[in-house]
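S.K.: Protein chains in written order, with the numbering used here: chain A, 1 to 520; chain B, 521 to 1014.
Worth flagging that the hints you see were computed from the coordinates, not collected in a lab. It is possible that part of the hints are untrue.
Computed spacing ranges between beta-carbons, pair by pair [claimed, not checked]: (1) K753(B) / K32(A): 23 to 29 Å; (2) D762(B) / K305(A): 26 to 32 Å; (3) R800(B) / W300(A): 45 to 51 Å.
From the three backbone atoms N, C-alpha and C, an ideal C-beta is built for every residue, glycine too.
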Amino acid sequence: MSVNLDKAKLDYLREKYEVAIGLEVHAELSTKTKIFCSCTTEFGGSPNTHCCPICMGMPGTLPVLNKKVVEYGMKAGYATNCKILNFTKQDRKNYFYPDLPKGYQISQYDLPICREGYVEIDVQGRRKKIRITRIHIEEDAGKLVHDELTHRTIADYNRAGVPLIEIVTEPDLSSAEETIIFLEKLKSILQFIDVSDCKMQEGSLRADVNISIRPKGSKNLGTRTETKNLNSFKSISRAIEAEIMRQIMEVENGREIIQETRRWDDEKGVSYSMRSKEEEHDYRYFPEPDLPPVIFNEVWMERVKSSVPELPEARKKKYMKKYNLPEYDADILTSSRELSDFFEEAIGEKSRTADRKTEGRGESKTGKYENNIAEVATTVNVKAISNWIMGDLLRILKDRNIEISDVTFSPKYLAKLVTMIDKGVINANTGKKVFEKMFDSGKDPEIIVKEECLEIITDESYLLEIVKKVVEQNPKSVADYKNGKEKSFSFLMGQLMKETKGKADPQLARKYLIDVINTL
Amino acid sequence: MELYQYTIHELSRMIKLKEIGVYELTKYFLNRIKEKDSKIGAYITITEEEALKRAEEVQKGIDRGEFNSLLAGIPMALKDNICTMGIPTTCASRMLSNFVPPYNATVVEKLYQNGAVLLGKLNMDEFAMGSSTESSYFKITKNPVDPERVPGGSSGGSAAAVAAGEAVYALGSDTGGSIRQPASYCGVVGLKPTYGAVSRFGLVAYASSFDQIGPITKDVLDCAIVFNAIAGKDEFDATSSDFKHPDYAEELNNLYNRYCCENECIKSGILKGIKIGIPREFIDDGVDEDVRKAILKAAKIFESLGAECEEFSLPIMEYVIPTYYIIAFAEASSNLARYDGIKFGYRAEKFEDLMDFYKTTRSEGFGIEVKRRILLGTYVLSSGYYDAYYKKALKARTLISRDFNKAFEKYNVIMGPVTPDTAFKIGEKTDDPIKMYMGDIFTVPVNIVGLPAISIPCGKDRNNLPIGLQLIGKHFDEKTILKAAFLFEKVVLE
Chain A
1 MSVNLDKAKL DYLREKYEVA IGLEVHAELS TKTKIFCSCT TEFGGSPNTH
51 CCPICMGMPG TLPVLNKKVV EYGMKAGYAT NCKILNFTKQ DRKNYFYPDL
101 PKGYQISQYD LPICREGYVE IDVQGRRKKI RITRIHIEED AGKLVHDELT
151 HRTIADYNRA GVPLIEIVTE PDLSSAEETI IFLEKLKSIL QFIDVSDCKM
201 QEGSLRADVN ISIRPKGSKN LGTRTETKNL NSFKSISRAI EAEIMRQIME
251 VENGREIIQE TRRWDDEKGV SYSMRSKEEE HDYRYFPEPD LPPVIFNEVW
301 MERVKSSVPE LPEARKKKYM KKYNLPEYDA DILTSSRELS DFFEEAIGEK
351 SRTADRKTEG RGESKTGKYE NNIAEVATTV NVKAISNWIM GDLLRILKDR
401 NIEISDVTFS PKYLAKLVTM IDKGVINANT GKKVFEKMFD SGKDPEIIVK
451 EECLEIITDE SYLLEIVKKV VEQNPKSVAD YKNGKEKSFS FLMGQLMKET
501 KGKADPQLAR KYLIDVINTL
Chain B
521 MELYQYTIHE LSRMIKLKEI GVYELTKYFL NRIKEKDSKI GAYITITEEE
571 ALKRAEEVQK GIDRGEFNSL LAGIPMALKD NICTMGIPTT CASRMLSNFV
621 PPYNATVVEK LYQNGAVLLG KLNMDEFAMG SSTESSYFKI TKNPVDPERV
671 PGGSSGGSAA AVAAGEAVYA LGSDTGGSIR QPASYCGVVG LKPTYGAVSR
721 FGLVAYASSF DQIGPITKDV LDCAIVFNAI AGKDEFDATS SDFKHPDYAE
771 ELNNLYNRYC CENECIKSGI LKGIKIGIPR EFIDDGVDED VRKAILKAAK
821 IFESLGAECE EFSLPIMEYV IPTYYIIAFA EASSNLARYD GIKFGYRAEK
871 FEDLMDFYKT TRSEGFGIEV KRRILLGTYV LSSGYYDAYY KKALKARTLI
921 SRDFNKAFEK YNVIMGPVTP DTAFKIGEKT DDPIKMYMGD IFTVPVNIVG
971 LPAISIPCGK DRNNLPIGLQ LIGKHFDEKT ILKAAFLFEK VVLE
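Next up, chain A with everything else stripped away, as it sits in the complex:
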């Protein structure tokens, strides 16, 4: 007997069951070099150009652990409330596949670097704790490219040896929606603490999903399946929905769920069984003899812990409470670590610390501007700065197709610009022009305004002179205005602004214009 698939029926069935979802999330760490050799971790590059005999697993070569990988793994643990051991040990996970150079992956088995943490998410106004089982460090494998034309498979080992963390959660998630909220949260945390750029399209964030269902109210978890090959949040969400329904249908039709690994086909929107539990690899884990266990010094661990920045949620709260920003602003400003740091620096909340990005890709471009922060902090207009960042800054970044890290001027200069506008040194329109010029030259707005003579003209005799000139040159408009044609006044003001290249103080100009016309 087949089950009728109309929506009401589906919803009814869906209601009958509870869902338990656990994740295995892989995030590539953004260290400059690979986990066991000094090859670059940069994405892309011609095939097999980012590798060496070590990451190619050539005979006689040996791995040496990159300390930064341990540090980044630890930071991820601290940021997700994990317990962290003061030592680490590597294990070998043995299996054959052409993208795996050594015939084993160096990973961690029984003693992961972090364990028993949690991440809190907000689901429909409710706070929910998602438990982290463990986080361990390991190496990535290479990539196989199947050439449809020649029917050949080509191996590219550029990615082999790129460091990963695998984050395993407890089956605490109960829907696709929750899963995506959790992943978004996790992604923003990892980006915020600067350990991974989490670009799904480049494969630097990947997730396998374990799903089981059970009748509502039942205490015991059902048999789970694992779904792989999920390349975007959208496909994760679709795959979860599909798998939940598949499992419900199986159970409704009196069949048992088989513990198995399934592969999601995003184009067709269905998953296929890859292998059953019996066919699972026996990975034959054993301690990696080429890498002795490492014991961490407490001082070093403390330093790593203190290098974990305030997380987005805490910052968001702070922006709303301390600076009275609307939630909308706070959300946007904390959408990335870079943007949030830029904002905090602009308002004088913090300076960009030198320790950031010392090992990361490229030099810190902004580390050099760190003077006079206190001075700025006392006088800045936080809401205006927020508006400038959300508006002009993001627009210019988009127009110029650049990242916030490409900005060459100090965030403090934005605060300065806002102050100049507030104090009437320049008008808002000039401010926009100056801001563009700051992106070009990286210069102090004060210097730009001086160099280009952009200050508002408030000099009485000079303004009067221009007003008189405009009135003399436009007798008809003056007459029209006197006859009650308001529009003519706007024209005269326009002429005046044109003469002063827009720099006339509008209030004063208006007053003088009226005065001069009235004396006629």
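Given the coordinates of chain A, assemble chain B onto it according to the supplied hints.
M.R.: Just chain B now, with coordinates in the frame of chain A:
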């Protein structure tokens, strides 16, 4: 005396005094290899062209005063599991018969910095798995002492080359006795350094937690000279140790000066304070009578130099063979997984799918002993067997280490034979792997615990075959065993 009989320290002096040129010396050895090696079979690859070119360069360097090492200009050869840039490194396997590394092992770099001249690459058991060099894919190496017998293994080519005068010295590798046993069978000196004393980078791995590179030489002083050059921390090997070590050769020279002084009192007390323990298990019924006698005679010699010798019991010896083979095979099964035909080495020509590609490549590329060890190693790591075998072996390893370290609280040196018997006939043990494995009983505990041990000749048996004496030291205390071995050698020579 012929040139091939000279040691490093003798030839070095001759080069320094310009009694002989490096090119001439190299040419001499290449000729000797041509003449002798068809009968011995020590070499897999002879690097004639490179050697002569290198000899000229080194001579120029010596003339300019760039080398102050005793190894400058001395022709040597390497076991073929030590990677040499641009020169085939086969591990005596079909699997790597076409493999040319694009890098040098750290030890090779170090020897080159000391002005060494490479003559070629030496035969061995396939992937260093064996005790007779019979499992080589290429050829059987004969023992220069008796060509009907094996040279031992797995560094059989290294020991045979030095014994036959086809190289002044050689490097071997020792995972369970692979330097000491062939040195013993061929009547030369071999040192297995403390685990971590010498970089393993560029040594094709067999069992990573046991493997160690070491010298095979004509005498103990040469051994110290080569060890000086290759020891030390390497940033490319996380298991290498940053240990302070003396100039071993200088230590021995100082000792020799004291020894040569005519004062009998000093001479007879030169090893005073040194306690040597002889485990009863090393000289029990399983040991050949001639071998036992030679060891007990050696004890007398040490006593005559002022050392205290004492027998003691080491019952843990019962477990060393299974412990060693379980762990070594487990590591080997994983270490050899990279030979899959994808990136380097042998590749099957005909195959149906990926699984068949792997199977055919590995079936055709590996020899029988290697396959046996991979299968057994895979088995002991498999789920359901891991706890019973591998995990238990790790526990036994801890216990063996504990008992040896305990013995070292009392003794400075543990002494015994290298092997229970002397060189056996070619083919004698090939059908009985267990018998072959049992022959490693006295060498494997040293690797299990990671200790240093030296093998030196200590007499001949009834068939006139060399017997090897093994001196085992504390971790990183190569100095003591080198000193004891050096003095023993001097007394025996007198």
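S.K.: Hint by hint, say whether it matches the structure.
M.R.: Here is what the structure says about each hint:
1. K753(B) / K32(A): 23 to 29 Å: holds, 24 Å
2. D762(B) / K305(A): 26 to 32 Å: holds, 28 Å
3. R800(B) / W300(A): 45 to 51 Å: With Cβ atoms ~49 Å apart, the hint holds.
Going through the hint list in order, the structure satisfies each hint without exception.
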